[in-house]
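Participant: Listed below are the residues making up each chain.
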Amino acid sequence: MKTMLDLHVPEPPARPGEAPDFSAMQVPPAGVVPRPDIDAPASDLRELPFELIRVLDDEGRACGEWNPQLPADTLRRGLRAMLLTRTFDERMVRLQRQGKTSFYIKSTGEEAIGVAQALALNRDDMCFTSYRQQGLLVAREWPLVDLICQIFNNRKDRLKGRQLPILYSVREAGYFSMSGNVGSRFPHAVGWAMASAYKHDTKIASAWIGDGTTAEGDFHYALTFASVYRAPVILNVVNNQWAISTFQGIAGGNEAPFASRAIGYGLPGLRVDGNDFLAVHAATRWAAERARRNGGATLIELFTYRAAAHSTSDDPTKYRPQDEASAWPLGDPIERLKQHLIVLGEWSEAQHTALQAELEAEVQAAVKEAEQYGTLHSEDSDPQTMFEDVFESVPPHLQLQLEELRSIGS
Amino acid sequence: MSSMNMVQALNSAMDVMLTRDPDVLIFGEDVGYFGGVFRCTAGLQAKHGRRRVFDAPIAEGGIVAAAVGMGAYGLRPVVEIQFADYILPAFDQLVSEASRLRYRSGGEFTAPITVRSPCGGGIHGGQTHSQSPEALFTHISGLKTVMPSNPYDAKGLLIAAIEDNDPVIFLEPKRLYNGPFDGYHDRPLQPWAAHPAGEVPDDYYRIELGKAAIARAGEAVTVLTYGTMLHVSLAAVAECGIDAEVIDLRTLFPLDIETISASIRKTGRCVIVHEASRTSGFGAELGQSVQEQCFFHLEAPILRVTGWDTPYPHAQEWQYFPGPKRVVHALKRVMED
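Sequences listed follow chains A and B, in order.
Residue numbering for the first sequence follows our numbering, beginning at 290 and increasing consecutively.
Residue numbering for the second sequence follows our numbering, beginning at 1080 and increasing consecutively.
Read the hints as simulated data drawn from the structure, not as lab findings.
Watch out, some of these pointers could steer you wrong.
[What the hints assert, rightly or not] Not the full set, but computed from the structure, chain A residues with beta-carbon under 10 Å of chain B:
id, residue
1, 417
2, 446
3, 461
4, 469
5, 479
6, 485
7, 518
8, 519
9, 672
10, 673
11, 677
Glycine is no exception: its CB is placed at the ideal position from the N, C-alpha and C atoms.
Go ahead and model the full structure; you've got the sequences and the hints to work with.
Facilitator: The following block contains the structure:
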């Protein structure tokens, strides 16, 4: 008898109206994964992508070889930056609802990624981000006012109103120009890192891509070039389970962990609890040290959950259970680091409440200042800026088009 | 001065720039040890080292993406896409990234990259080794597009492209690599050694982007053309005896509209000749620009001689290729109106 063929289309474990179901997810205890030597050959590390590197246990204790042994001041700095990122995100969404800008993307639940990685990298290492790594800029203490001016597209927006809110570019803080084509900058990080190596520099690059976008050719280009030329780069996959409404199984995540893609390229792959500040920091530091020693690239899968909507234009209750975020087995990154600091005797609920109030005031002050320079469409912008920076200098045909716009209006 | 064909002239341009600027590096498919399938990078790896001239994976999107990242760092990469027909996997990187980086970052990051690629037919290359995709790039704000027609221009324009702080698409008509092909495929090949533009300075010189050249001065009609079709047009003009002014655009964007307008205001007639297919080809842009600038000087409709709106065929190559006969026909027709 012949077997009838059938087409397989993966489905997430639960849809709206059903109970969240993470029963298929293996969550190993914290501290059990060994930390290999930084110089270990990739061929010795082929089991690592199937593990899950965790440091913080359920009681808030740091366990195992991956514990980065960070001083309490660094932990408090990380906690502050994560909390500031979340506070900032919440405030920006409120401003979007008030019509002061058109669009926003929150990083709720993923703050440990941007913040811990910023603290594990050097400030001049160049970061090629996807959405939701705004914590990098917050942790690098880039002025919030500058970010809000970009979000408002006001007269102090350094990007001159050309970019959708949050598609920042901050060269001074090692933050590469963002784009809505979410995968196309992943291989730029490799090219940048190749250039750094070519110039005998000491800086490395780091790139982020979402679970969904790993399906793009850019992901394959980046891993191929990084492997071939041993580029000093960290290639991060932020697996937050959802690409708008598409679950990670549609990018192939059900068949093998994204970290295991590294094996075919001869690169080390680390799979990390992305909601564990200490694990993210330790894995990033391991990969960064390896890159700085000419050991080449590492692929890191940051296993997390997109607790917020994709963007202010999205309503996730249409495609996933409403309470799925609260059922996420790896908890919340801010709560977990806070608990750890309390266990260490380096933090308290009272301090946390005071910090929260302080950060809300800080964001409020930044918003107030930025509003003085205008909000989206609150002032007429000079059309000249539209014609600048297409090329190094404005060519004659663009000069003519500017004159046409000025004389006729729009 | 040396006698050079176009391959040697391009090689000399890259050699000069590798020597002058330590931030220039070259990579692409087969360009390293082997020196490229058309030999344009021959000897450059041996002379300048593997760190500066190297082979790339067969991934045009990855090649251009890596170049963009290098450009953002501050290097001046020159990459080769082996055939212009293979550039499409890199289209997203060129359109969404290289051309947009300066604009979207407010000038914080730029992509001073040069993308070299052999284009055009006449080499029995069939559909995937013959196309002329220039119009895909002239449509993109933020890209410059260049196509030389002889060794002297090829070297000077390539040096200017490498030194340019914006991304440049540098299309090389591969049928011209070894000689000024005039479309008579059944006649013996003319070498560049017998052509004045085959005399090329050994050292550094530039030909500024955005400047057309008047290849033949004339009074009766203006022929706007570039690349291989320049030589086809010159052959056609010689054959029919019409006193045409033949303009070699050299750079398609930025377009030298002044030289074009001045000529057509003088002649009152215009024929556009390109090898690429007709509909939405660069000739459409040229014709409309001429109409806007010179309508009241025109004495006849603008005519186009182009490849047909079909894929580039193999066995029917010479029926596809717009040869001198078709150019002569258009010149006679435009003079009759």
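Participant: State for each hint whether it applies.
Facilitator: Verification of the hints:
For residue 417 of chain A, the shortest C-beta to C-beta distance to chain B is roughly 8 Å, which falls under 10 Å, so the interface hint holds. With a least beta-carbon distance of about 8 Å to chain B, the hint placing residue 446 of chain A at the interface is held under the 10 Å criterion. For residue 461 of chain A, the interface hint holds, the least distance from its beta-carbon to any beta-carbon of chain B being 8 Å, beneath 10 Å. For residue 469 of chain A, the suggested interface contact is upheld, since its CB lies about 9 Å from the closest CB of chain B, less than 10 Å.
Because the beta carbon of residue 479 of chain A sits about 6 Å from the nearest beta carbon in chain B, less than 10 Å, this interface hint is met. A hinted interface residue such as residue 485 of chain A counts as satisfied when its beta carbon comes closer than 10 Å to some beta carbon of chain B; here the least separation is about 6 Å, so the hint holds. Below 10 Å, beta-carbon pairs count as interface contacts, and residue 518 of chain A has one with chain B at about 8 Å; its hint therefore holds. The closest approach between the C-beta of residue 519 of chain A and any C-beta of chain B is roughly 12 Å, which is over the 10 Å cut-off, so the hint fails.
A distance limit of 10 Å between C-beta atoms decides the matter here; for residue 672 of chain A the minimum to chain B is near 15 Å, and the interface restraint is violated. With a least beta-carbon distance of about 14 Å to chain B, the hint placing residue 673 of chain A at the interface is violated under the 10 Å criterion. About 8 Å separates the beta-carbon of residue 677 of chain A from the nearest beta-carbon of chain B, less than 10 Å, and the hint is met.
Violated hints, listed in ascending order, are 8, 9, 10; each of the other numbered hints is respected by the structure.
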